[in-house]
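*Asks:* Whole structure, please, built from the sequences with the hints as guidance.
Line order of the protein sequences matches chains E and F. Under the working numbering, the first residue of the first sequence carries the number 287, and numbering increases by one thereafter. Under the working numbering, the first residue of the second sequence carries the number 287, and numbering increases by one thereafter.
There could be a bad hint or two in this list.
Pairs involving identical chains hold if they fit within one copy or between any two copies, as the list cannot separate such chains.
Lysine to aspartate or glutamate pairs mimicking EDC-like chemistry, simulated, CA-CA at most 16 angstroms apart [what the hints assert, rightly or not]:
(1) K356 to D616
(2) K576 to E479
(3) K356 to D615
(4) K614 to E355
(5) K576 to E669
(6) K558 to E524
(7) K614 to E359
(8) K665 to E599
(9) K576 to D541
(10) K558 to E520
Think of the hints as simulated: they come from the structure by calculation, not from any bench. As the structure is a computational prediction, the values presented were derived from the model and not from experiment.
2 protein chains.
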Amino acid sequence: MKFSFEVIKESGRARRGILRTPHGVIHTPAFVTVGTLGAVKAVSPDDLKGIGTQVIIANTYHLHLQPGEKLIEQMGGIHRFMGWNGPVITDSGGFQVFSLGVAREHGVGKIAGIFPDENPDKGGHLSSRKKKKLVQIDEDGVEFISYRDGSTHRFTPENVIQIQKSIGADIVLVLDECTSPFHDYEYTKQAMERTHRWAKRAHEEFKRMENDEQVLWGIVQGGAYRDLREYSAEFLSEMEFSGYAIGGSLGKSKDDMHRVLEWTTPILPGDKPRHLLGIGRIEDLRTCIKYGIDLFDCVVPTRMARTGRFLVEKEGKDRINIFNSRYKDDPGPIDEDCNCYTCRSFSRAYLRHLFIAGEISGPRLATIHNLHFVENLMKRIREEYFS
Amino acid sequence: MKFSFEVIKESGRARRGILRTPHGVIHTPAFVTVGTLGAVKAVSPDDLKGIGTQVIIANTYHLHLQPGEKLIEQMGGIHRFMGWNGPVITDSGGFQVFSLGVAREHGVGKIAGIFPDENPDKGGHLSSRKKKKLVQIDEDGVEFISYRDGSTHRFTPENVIQIQKSIGADIVLVLDECTSPFHDYEYTKQAMERTHRWAKRAHEEFKRMENDEQVLWGIVQGGAYRDLREYSAEFLSEMEFSGYAIGGSLGKSKDDMHRVLEWTTPILPGDKPRHLLGIGRIEDLRTCIKYGIDLFDCVVPTRMARTGRFLVEKEGKDRINIFNSRYKDDPGPIDEDCNCYTCRSFSRAYLRHLFIAGEISGPRLATIHNLHFVENLMKRIREEYFS
Chain E
287 MKFSFEVIKE SGRARRGILR TPHGVIHTPA FVTVGTLGAV KAVSPDDLKG
337 IGTQVIIANT YHLHLQPGEK LIEQMGGIHR FMGWNGPVIT DSGGFQVFSL
387 GVAREHGVGK IAGIFPDENP DKGGHLSSRK KKKLVQIDED GVEFISYRDG
437 STHRFTPENV IQIQKSIGAD IVLVLDECTS PFHDYEYTKQ AMERTHRWAK
487 RAHEEFKRME NDEQVLWGIV QGGAYRDLRE YSAEFLSEME FSGYAIGGSL
537 GKSKDDMHRV LEWTTPILPG DKPRHLLGIG RIEDLRTCIK YGIDLFDCVV
587 PTRMARTGRF LVEKEGKDRI NIFNSRYKDD PGPIDEDCNC YTCRSFSRAY
637 LRHLFIAGEI SGPRLATIHN LHFVENLMKR IREEYFS
Chain F
287 MKFSFEVIKE SGRARRGILR TPHGVIHTPA FVTVGTLGAV KAVSPDDLKG
337 IGTQVIIANT YHLHLQPGEK LIEQMGGIHR FMGWNGPVIT DSGGFQVFSL
387 GVAREHGVGK IAGIFPDENP DKGGHLSSRK KKKLVQIDED GVEFISYRDG
437 STHRFTPENV IQIQKSIGAD IVLVLDECTS PFHDYEYTKQ AMERTHRWAK
487 RAHEEFKRME NDEQVLWGIV QGGAYRDLRE YSAEFLSEME FSGYAIGGSL
537 GKSKDDMHRV LEWTTPILPG DKPRHLLGIG RIEDLRTCIK YGIDLFDCVV
587 PTRMARTGRF LVEKEGKDRI NIFNSRYKDD PGPIDEDCNC YTCRSFSRAY
637 LRHLFIAGEI SGPRLATIHN LHFVENLMKR IREEYFS
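*Replies:* Below, the structure is given as structure tokens:
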């Protein structure tokens, strides 16, 4: 059996598990490192091995536009292409459709007003121009304009499965429509129902392809509306996906997000992994596993790294902004208890110098630290929480 | 004895040698990797160890402006600050004075018309504005305006020795005035004579400080004028520096440069190392060792790397521009005979994807390859040329 998921310990709703894939084992709860374009920004696969990265999530939408799934297939699939032999997930592109569409109109991310800086794709080159929608959704699928060159593309539930087969990740996701926290009940319901019809089509396409190198996960939608989330979780549970992602709008506050999880996870099958898409700030990792979440992905640790913000859990701080002049002559490492390459090798003073001087090794060394911090935190959570 | 230089083999004027420093041995002829700001751009010290880098050259002018020599001293010196335990040289800042001054007026580099793109410091932020000189040279030293914040600074032969003591490199250089290929005989002569007076003052200051952790090298000037180069080599040889750099204008063509070396190296003491400052294109490495050059430094391998140009010696090519569409679906490494991390791990197709996508790991992987290429070339030259 190439894929399996086993819950080995429980504490309330929280679970510790082992997710097996053809490219290795993932100990859950796990942080999924974002490698949108088939590369984790600023680091290379040997860095990731040193960090203890378990699994990477790449993006179907971005890889379809550059370098294209056919090239990746020709090069032997995403693992070989990017030189990473561990597990890989591909997100379907549904969130990017949202980002290029209604998120541009509404000016929001997954939770309204909470993460204004965290929209992983603001529309790229075009974002500084008019906030015009770059997508059109219809029953068949989605038509969108490339942020790279303005060319027109179409995603359907079926071709997204085919594209993801070419890319060759271990775990692939159905095409979904991600709604905005500002969408009303009626629109959110319609979008959810369409997402369900798309999920069925994706599921059929996946079966038709008789693909035993990959597993397909469904995505629960329904915004911050209880009956919709419950219905979506039930509907998708009956379809027997190999795993479940929780996507879409998570409301207007962290409390809303927790309520969505509160409603959703008890309905999802207990023997299948659950992935909370696009969420994974430090505070979220600790709280969301209590609701039975097994996997998180988030750009925050890597993005913060590139702007000189180092994650810590010290002296009441959750980060160090290395540009702060207090670190100018600080001979100590970012975190004296951290054994990442960056903390073993360099002082805060030197790291600050690299960022001030604009040296591109600064972002790499910060990324190594932040990813190591998150992996280490997840490891501690797995050990302590379930001991 | 902390420092020594031994010529172990000769072939014509070319020499193979061993240069010992408190931070390790340099086998010559050697390529000196440029780490202007106390960091080799895009890579870290562990990368350099993997590459086989022997020695780094940092820059007094740049480090004085950011982060300042006092901070480096407080952090335990340049080796500890940057996490590099191997030998370090600091250039004196004379070339930067030239870059900010007459090079801006004349629009030239070290060899007129040959390397228009290679001026290592075009004046930074200010270069796009008026080409006004940012320095004033007088008998006492040089006054210059910081490219970072417009503040005024003064370098003298004495304070450059003090600054370099604070930085703490193994090998330090005297402050010199670098002339332009368009300077006439009279100005070149005057500048050379002032450089000689500065060399004496630097030498005295260095002796006064009773510094046995560093050695001081002189810099031969005299432009492309035979009698001036010969006189400068003689004058400085009598001062018994621990080593000699050849700086300044090398004329208007590669032939001019070779003639300068032809005149200069026979006069310099045979038992002292010779460093050709700022020169080190692939073709120069092979030709210049024939004139008895032991050390080269050049930004070209690292700068080319950051723009996607990979060094090779194959099929009549000396580089691969990875943006070229012919590499789009090329599954092979940059060089199948290269055993650097980049060539062992990634295809041309993937490296092209990284550069097209703007991933910052692209420049790092290219830098690893290019520096490995140059180190490997020097190793082959040492082995083959003197066998």
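*Asks:* Take the hints in turn and mark each one as holding or not.
*Replies:* The hints, checked one at a time:
1. K356 to D616: between (50 angstroms within a copy, 13 angstroms between copies)
2. K576 to E479: Classified as neither: same-chain Cα gap 28 angstroms, cross-chain 77 angstroms, threshold 16 angstroms.
3. K356 to D615: between (51 angstroms within a copy, 10 angstroms between copies)
4. K614 to E355: Between. Shortest inter-copy distance 13 angstroms satisfies the 16 angstroms Cα cut-off; intra-copy 46 angstroms does not.
5. K576 to E669: Only inside one copy: K576 and E669 sit 15 angstroms apart there, 63 angstroms across copies, limit 16 angstroms.
6. K558 to E524: Cα proximity of K558 and E524: one copy only (12 angstroms, versus 81 angstroms across).
7. K614 to E359: between (48 angstroms within a copy, 13 angstroms between copies)
8. K665 to E599: Answer is within: at 15 angstroms inside a copy they meet the 16 angstroms cutoff, but 47 angstroms across does not.
9. K576 to D541: within (14 angstroms within a copy, 74 angstroms between copies)
10. K558 to E520: Result: close within a single copy only, 14 angstroms intra versus 81 angstroms inter.
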